[in-house]
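K.L.:
Here's the letter readout for the chains.
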Amino acid sequence: DTGVSQNPRHKITKRGQNVTFRCDPISEHNRLYWYRQTLGQGPEFLTYFQNEAQLEKSRLLSDRFSAERPKGSFSTLEIQRTEQGDSAMYLCASSSQRDVDTEAFFGQGTRLTVV
Amino acid sequence: DAKTTQPPSMDCAEGRAANLPCNHSTISGNEYVYWYRQIHSQGPQYIIHGLKNNETNEMASLIITEDRKSSTLILPHATLRDTAVYYCIVRVRHYGGATNKLIFGTGTLLAVQP
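These protein sequences, in sequence, are chains Z and R.
First residue of the first sequence? That's 1 in the numbering used here, and the numbers climb one at a time after it.
First residue of the second sequence? That's 1001 in the numbering used here, and the numbers climb one at a time after it.
Chain R on its own, in the form it takes in the complex:
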């Protein structure tokens, strides 16, 4: 699975959009981009995933560049409860019995400031 590069930390003002970048320059054509987050002392939480089109759900938006070498997770109106470590993961989605394990990096610690 391709490796990702994320900034170790970012700050964001409460109520503003948080834009978290991720570089995955070696991504393969069949690899998806996934985002998870981990609030302190909790297990990781799935946020969103995409292949090449931009995606939006109730939590966030995912913008993937046309060459797929980078992506941005957007939290449109960050709140204090969004303070967490955000992980960008790229992997093939396996079907059948093959594992869908996740390979986590060290992520980006997003600190939402009041």
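Same shape as in the complex, but just chain Z:
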């Protein structure tokens, strides 16, 4: 399967702990997005990378959140000092800039539960 891969699929953590999620996009895609989705809501945009450059960050991305894409391939999303309100599904998507008709492909997501 050459789709977008996210790990882990599920994460349970205690409040105050740090967590890190990984996203492996489709190999030829240079654009990468992170979204967050809470129960009953549509996904909300968090941040966007083109290659290794982080070009846009949502106001939802507080100082406790940081995302990286060091070599323009995989990306990580870290949440420091987790809070119960961080419990959500974190989705990663990728797309290609070269082909303007290529739309975003999403991974299965990482479901975070903060207890």
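Simulated from the structure, these hints should not be mistaken for laboratory data.
Ideal placement from N, C-alpha and C gives every residue a C-beta, glycine not left out.
A hint or two may mislead.
To be verified - When the alpha-carbon atoms are kept at most 20 Å apart in a straight line, the in silico SDA-like pairs for lysine to any residue are as follows:
hint	chain 1	residue 1	chain 2	residue 2
1	R	1003	Z	58
2	Z	57	R	1093
3	Z	11	R	1040
4	R	1003	Z	45
5	Z	57	R	1103
6	Z	11	R	1041
Unchecked claim - Counterexamples of contact, computed for chain R against chain Z with all Cβ distances above 12 Å:
hint	residue
7	1012
8	1016
9	1017
10	1029
11	1054
12	1056
13	1068
14	1072
15	1074
16	1082
Given chain Z, put chain R in place with the hints provided.
P.N.:
Here is chain R on its own, set in the frame of chain Z:
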């Protein structure tokens, strides 16, 4: 990006056509209409998009009104596996380095009944 309005839920009988409406009365001339769907516990899946002409692919058809203020996604022969939340999104398609982020609403939960 323009906002969209969708009914919160719809039912459809298996094998029948599912017609999902979307209102986007404030759409701008350079904004496209996109449809994604999200099956339970999965990431969203791209279905189709269009600017002003009707579009069809292997998954669905998209009918956009002449004034572009509304559209309808048509699943010609709905199956149980089409049960999902369907999102209608309008946005400008950016080129170069600008983001092509998606702004999701709450969508329409389509329940296909056997």
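K.L.:
What hint numbers does the structure not satisfy?
P.N.:
Nothing - there is no hint that the structure violates, so all of them hold.
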